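A.B. asks: Dock chain Y against the given chain V, drawing on the hints supplied.
Residue-level listing of the chains:
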Amino acid sequence: EAQVTQNPRYLITVTGKKLTVTCSQNMNHEYMSWYRQDPGLGLRQIYYSMNVEVTDKGDVPEGYKVSRKEKRNFPLILESPSPNQTSLYFCASTFTSGYEQYFGPGTRLTVT
Amino acid sequence: AQSVTQPDIHITVSEGASLELRCNYSYGATPYLFWYVQSPGQGLQLLLKYFSGDTLVQGIKGFEAEFKRSQSSFNLRKPSVHWSDAAEYFCAVNDQAGTALIFGKGTTLSVSS
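First to last, the sequence lines map onto chains V and Y. When the letters of the first sequence are read in order and numbered with the numbering used here, they come out as residues 1 to 112. When the letters of the second sequence are read in order and numbered with the numbering used here, they come out as residues 1001 to 1113.
I should point out that these hints are in silico values taken from the structure, not numbers from a laboratory. Note that the structure is a prediction, hence the values are computed from the model and not measured. For every residue, glycine included, the Cβ atom is placed at its ideal position computed from N, Cα and C. A couple of the hints might just be wrong.
Reference listing, derived: stretches of chain V covered by chain Y, where coverage requires no fewer than 3 residues with Cβ under 8 Å from a Cβ of chain Y [stated by the list, open to error]: (1) 41-55; (2) 101-107.
Listed below are several chain Y residues computed to face chain V (Cβ distance under 10 Å; list not exhaustive) [as the list claims (entries may be wrong)]: (3) Gly1016; (4) Tyr1032; (5) Thr1099.
In isolation and in its complexed conformation, chain V is listed as follows (with noise of 0.2 Å):
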């Protein structure tokens, strides 16, 4: 079954103590990204990768790092997170710019 899969589903955590995401697809698809999702704002992209050691910033991108060492993955870090990063945190790949993304199940964030 073509999917994107995230790890943990779900995770508290308190301020500072680092912690890292995973995201990994079976579809071959070149273009991954982050996304967090807050009420009353929707999702905001925080970082994309258009292919294996190619990274760039989205629009909320600070406090966050990621990698892609392998084209299947993509992991989320966050060296040192603060209370301001507790969201919903969405993975989603596509197989080349501009198509429709699909999105892994969600991570829920929660820093004390």
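C.D. replies: For chain Y alone, kept in the frame of chain V given last:
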């Protein structure tokens, strides 16, 4: 800059009644437009998309949308709503670089019996 406006934050429709969710976009060229649905606790599922051609597009679950360039709109419709349609609906447009989707803030649909 591209933007998407969904004027209705929350809509309640009776089961069996028709539905129209509004979406207006701002885009300098021919946009690629999308509607996604998010059920409670779930990810986003693509309902339909418009790239070019016929301005009335059909999607899954009985939804359709009409692209109107003159009104910069891409409204979502369904002739008869089911209780399972209760969810949050997002309209989106691709950014001009093609590297991101620009989302509206969403419309929450409630279905009353």
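A.B. asks: Each hint needs a verdict: does it hold in this structure or not?
C.D. replies: Hint check:
no.: 1; hint: 41-55; verdict: holds (count 7)
no.: 2; hint: 101-107; verdict: holds (count 6)
no.: 3; hint: Gly1016; verdict: 29 Å, violated
no.: 4; hint: Tyr1032; verdict: 5 Å, holds
no.: 5; hint: Thr1099; verdict: 5 Å, holds
The structure shown violates just one earlier hint, number 3.
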